[in-house]
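If you read the sequences in order, they're chains A and B. Each step along the first sequence adds one to the number in this note's numbering, with nothing skipped, and position 119 is 119. Each step along the second sequence adds one to the number in this note's numbering, with nothing skipped, and position 458 is 458.
EDC-like, lysine to aspartate or glutamate: derived pairs with alpha carbons at most 16 Å apart:
no.	chain 1	residue 1	chain 2	residue 2
1	B	LYS562	B	ASP529
2	A	LYS18	B	GLU346
3	B	LYS646	B	GLU492
4	A	LYS46	B	GLU385
5	B	LYS544	B	GLU570
6	B	LYS386	A	ASP115
7	A	LYS15	B	GLU346
8	A	LYS18	B	GLU344
9	A	LYS15	B	GLU344
10	A	LYS46	B	GLU380
11	A	LYS107	B	ASP610
12	B	LYS386	A	GLU50
13	B	LYS583	B	GLU559
14	A	LYS82	A	ASP115
15	B	LYS583	B	ASP77
Covered by chain B, according to a simulated footprint, are these stretches of chain A (three or more residues, beta-carbon under 8 Å):
no.	region
16	9-19
17	23-31
18	94-102
Because the hints were derived from the structure by calculation, they are not lab data. Yeah, the Cβ is synthetic: ideal placement off N, Cα and C, and Gly gets one too.
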Amino acid sequence: MNGRILNMEEETMRKYWKFGALMAVIVGSLVWLGTAGVADSQTYYKTISELFQMGGAAQSRHVRVGGDVKADSIVRANGIVKFTLTQDKLTLNVAYEGRDPLPDTFKDGAQALADGRLGPDGVFHASEIQAKCASKYASKPGEAPASIQKQAAEKTPAYGS
Amino acid sequence: MENIGALALLLAFCISLYAIVSSVVGRLKNKPFLTLSAERAVLAVWVLVTTASGILVYSLMTGDYRMAYVASHSNRDMSAFYKFAAWWGGQEGSLLFWGFLLSTYAAIAVLTTRKNHRNLLPWVIAILSTIQTFFLLLNNFVVSPFQVLAQDKIVFAATDGNGLNPLLQYWAMVIHPPFLYLGYVGFAVPFAFAMSALIGRAPGESWIYLTRRWTLITWLFQSTGVMLGSAWAYHVLGWGGYWMWDPVENASLLPWLGGTAFLHSVMMQEKKGMMKVWNMVLISATFFLCIFGTFLTRSGIVSSVHAFAESPIGKYFVAFLALGIASVIWLILDRLPFLKSEAELESVVSRESSFLFNNLVLLASCFAVLWGTLFPIISEKFSAEKISLDAVWFNRLMVPIGLFLLLLTGVGPLFAWRRTSIASLRKNFQWPGIGSLVVAVALLAGGMRYPYSIISLSLCFFVAATIILEFFRGANAINEKSQHGFIPAVIELTHRNTRRYGGYLVHMGIVLMFIGYSGHPFNASAVGDVDKGDVMKVGNYTLKVADLTEGDTANYQWETAKLEVSKNGEMIGTLEPTRRFYKATQQATAEIALRTRLNEDLYINYAARDGNKATLQAYVFPLVTWIWVGSVVLIFGTLVALVPAKVSRSYTRTEIVSTTKKEAAAVTAEADAR
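Okay, chain A solo, but in the shape it has when bound (with noise of 0.2 Å):
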């Protein structure tokens, strides 16, 4: 009788290592499937100036970096797209060599993100650009959109102020 209970005892343990060595493989491949090679997947958020401050590691790495488009800096020639980026009184050069077609919305003074490496160069090298028209469609909530404020601001002086 005792050994019997024993024996219970001893195949409910193997039970539960059976379940979980199962379980430990699972979250355990999860785990490396999630963290191998990570580097290569990331994208970094960068403004001009942090990008420059980065140093060395600005080239190694993929980084994601915003500003304004500068006017008529934007020259096609040969499938790529040159253009320089400004943030306050910084400059970036941007080579778009992706394959897209840039988005309508990229043109003097729109806000752009471009993705891409920093070039030993100094040239920012960007595989996907991303352009927000600055007027339109930039409202803040509760607030009217720009386009409605300007209507607003046209009809203004027929009440006085």
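Take the given structure of chain A and dock chain B to it, following the hints.
Structure of chain B alone, referenced to chain A:
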């Protein structure tokens, strides 16, 4: 008008607060009048929120451009259909829409359960009203949909509105948010019932029986919503993908994963009395993920292609989530003895165990998606660097998880409860197993070199074979008796146990979707700047540019390329990818040209115009159609599972039944009474 709307919302807020207080006090002090008045308060809130919603919709339809919301999200040129959809097109309106759905659900829950479940109902009302109060708080005091435009304290009307984002002017996108919201909000009800059972220590599993169908309908809405979003991305955005692990997409997937885990593990509690704590955790997690999903899409906390503006509602959501999660954790810990399991796991190769692993993997994937989505925020908090993870990371994790789940889809339902004998394993899996190996070898021999696609397709064969075998065996047995033919026998079989066979159909839908996903590594693409007369090649297709034209309408300008398409040298028709540029919003949309076949899609996007030349992106997407076919099968299967079964089934617990006959009869009678 807008004053009545605002007043209705304010009243609804007050009455909702009253409903919480009166139902709690009524329950604790045992005052039936108070609980009755709480029930009526829920109905009153519905009337008020519906009134407010009606006023907002009326203003949108008639174009009352004095109102900020109408001016921001509607314009004169939009069709009535899209004007109506503008109700959920912006933040204020969509939160009102959330509140409206919640009040509707709450009213239905009260009306359907108040006869028989008076003991559960007060807490259900208290919980639902708390959620309602939160959304009404936002709508009343933070983001009111009834603000009017004013300049220097003088109200004025805008001449025209901004219009709905043209990307959203597409049928699937119009019905996608309501479906997602019906799913998001719907989980509040099972959550409320579960918490009510927990708070009141309600005996038995009545909350599960009560909400079973409810959960399934909610899950159906959610699945449909996710798939509509995916279909929209594929057909409208012009990049040919159906999923890119964008934060907002993830926001819709998270509660779906949680809800799917819950749907499965709740069966364990229903049939075996196991996993009670786990189910409480799952339904709560699913509900909070729904709230979190709303928060993610509505607060702009993680930047995404959906690009909603930053907003002040974020901190309210964080506070609500934090308080809610803390109270649920306390509640579960405090009532752990009440949630004691009635049976133990017996074998690794058993139905119980397959449910357990299904749950583990679904929850792990949920966590992985959550981690990846919030990584920019987490990394900023801990390393002061904002880092995002790309789709490659998500795929590296989620593809193996998906395949493992696919395997479980095949083996789980055929494992016996408690433990599975070798004989039964052989009976159920021998032929599907051999067949799937043959498929894998054939694919390898055929030159396929993508391991994930090979594994996926061979698993698809395996799972499909087990499901078909199940239908075949069951129907054959019926047909032998009745001799009405095989097809009627299949229908009879399904009708006898709609949940089981509907479930198989849902699994079949998942299999078909995985067939679609397996085509992904074989995508072909080409980009070209083409002029009239130029020729472009993609895959086996040759595209000859017959003409480039452009034109103008009141709403938008358009450019079209007329392409003569031939495959392997044979002319198969013309395609006309178009690009529209909407004047009001200064935004471009792609009207892609698509040639859909079951084996592959030819997908052409008119991307841009540069001087005389048009930039075309051409893709070949093998097997993609199976994703949409699978979605339809999944929806159909869920609907089948919702049909009441012909044979009413009462799941008595093996453990209890095996004691004495007399007790077993009593237990069966009790289960029948439910």
